[in-house]
Structure formats: structure tokens, C-alpha cells
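A.B. asks: Based on the provided sequences and hints, a complete structural model is requested.
Line by line, the protein sequences are chains A and B.
Positions 1 to 114 (my numbering) are the ones given, in order, by the first sequence.
Positions 1 to 115 (my numbering) are the ones given, in order, by the second sequence.
Be a bit skeptical, because a hint or two may be false.
[As the list claims (entries may be wrong)] Below, computed lysine to aspartate or glutamate pairings styled on EDC-like, alpha-carbon distance capped at 20 Å: (1) A:Lys109 with A:Asp86; (2) A:Lys101 with B:Glu59; (3) A:Lys101 with B:Glu56.
[Said to hold, decoys possible] Computed footprint of chain B on chain A, listed as stretches where at least three residues anywhere in the stretch have a Cβ under 8 Å from a Cβ of chain B: (4) 14-25; (5) 55-62; (6) 96-106.
Since the hints were derived computationally from the structure, they do not count as laboratory data.
Here the structure is a predicted model, which is why all the values come from computation and not from measurement.
Virtual Cβ for every residue (Gly too), placed ideally from N, Cα, C.
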Amino acid sequence: AQTVTQSQPEMSVQEAETVTLSCTYDTSESDYYLFWYKQPPSRQMILVIRQEAYKQQNATENRFSVNFQKAAKSFSLKISDSQLGDAAMYFCAYRRGNFNKFYFGSGTKLNVKP
Amino acid sequence: EPEVTQTPSHQVTQMGQEVILRCVPISNHLYFYWYRQILGQKVEFLVSFYNNEISEKSEIFDDQFSVERPDGSNFTLKIRSTKLEDSAMYFCASSGLLAEAYEQYFGPGTRLTVT
Numbered sequence: 001a002q003t004v005t006q007s008q009p010e011m012s013v014q015e016a017e018t019v020t021l022s023c024t025y026d027t028s029e030s031d032y033y034l035f036w037y038k039q040p041p042s043r044q045m046i047l048v049i050r051q052e053a054y055k056q057q058n059a060t061e062n063r064f065s066v067n068f069q070k071a072a073k074s075f076s077l078k079i080s081d082s083q084l085g086d087a088a089m090y091f092c093a094y095r096r097g098n099f100n101k102f103y104f105g106s107g108t109k110l111n112v113k114p
Numbered sequence: 001e002p003e004v005t006q007t008p009s010h011q012v013t014q015m016g017q018e019v020i021l022r023c024v025p026i027s028n029h030l031y032f033y034w035y036r037q038i039l040g041q042k043v044e045f046l047v048s049f050y051n052n053e054i055s056e057k058s059e060i061f062d063d064q065f066s067v068e069r070p071d072g073s074n075f076t077l078k079i080r081s082t083k084l085e086d087s088a089m090y091f092c093a094s095s096g097l098l099a100e101a102y103e104q105y106f107g108p109g110t111r112l113t114v115t
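C.D. replies: Structure below.
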């Protein structure tokens, strides 16, 4: 069974500093996709970044990057130069190959201090 | 940028009543989904819908639940006889063609409170 674990329920970071959110997953599949979604308060989840399992290179989107360790089944999100607008709930998600169902972690609430 | 919308934002209902949660997916998307999040728990998959039929459903999605695309724009989730444990945030999502469906676009959610 696929499971996604986020072990940090809440984290804080100072504005302009860097923070890393952790995610581990369990799967026996070789074809899958991993995602980080951001959910600001009272807003919908929006995609931050995605990683295809077959790609060795870590995905990067501006200030957001991932550290994808396939053997360790780890998928952490690094936010550089944190901004106040980064404060949100962050969800790690897994999707198997050609299937549509997403498995979510329990989320990490990120606070950004001015 | 197109968004998934959901109505109502908050629904309060009595146990045993029927509720319909409504969603308007992004217009050119072909796959539609419902997820739910009970307070303090993970977001859980309920059902996916493609080509006017259910393509996958979870064990949560029992006979009390149904989905429908009544017209070209709406996608609904019906709970026939609500229970206290149905209280949760319900998220609708949509995505494009499977080969490109890397991501799902989520709505803001409907908070369902069953009393």
C-alpha cells in the first residue's frame, strides 16, 4: 500500500531564510510522481512543484526545490529566501503511474516570521 | 488563470439528510475527483470520474455516495443520508488528459458539518 508521511506537523522560519520540509513515502512501484502542494489559509491547494520518479535530476521552481532520494523514498521541499506569503499548509502527495488517485501526507504548517 | 470552484463554502445539515456538494471543474478538463479531509486527518481520495462514469473509488465511497456530471460544467457529490462521521472538508479537483495529468487542480473546499 502507498503511504505518505510528513513527520513535521508545524515549522517556523524567519523571513529571508531557508527551510526544509520532510516527506517520506512507501511504494513498491517504479513509475510514480511526487508533488508538493501549498494551501494558504481558506484557499485552495495549489501545486508548488512536482517530480517524476524516472528523473534523477531534482526539480526546481524558482525559490522552491526538492531533494528526491529515490532509494530512501524521501522527497523533501526546500524553500529559499522565505517570504511572508509562503506561510501555508504544505502537503506532500504521491501518484502512481497512470492512475489518478493521489495519496496525501498529513501536512506541515509553515509559519514565516517577519 | 482558470480555477475550480465549489459551492457552498459551508454546509450544515442534520443527520439523515441528503446533501449535494457542487463543483465547477476547469472547463477543458476531462477527469474529476472528490477528496475529503476530516479535521486533523489526511486528505483522502473518494472517487475519480471520467467519460461520465466512475473510474476509481475508495472504500469510503459506499452506497451512500454518488457523483454526477448533470451538465457540461457541474460535477456533484451527493451523500444520501448523512452521518456524523461525514463531517469533513470536501475538495473537488480536476485534471486534463491522463498523459499530461501530472497535477490535479483543487477547489477551495466545502466544509460539511453534520449535526
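A.B. asks: For a quick check of understanding: which of the numbered hints are violated here, in increasing order?
C.D. replies: 4, 5
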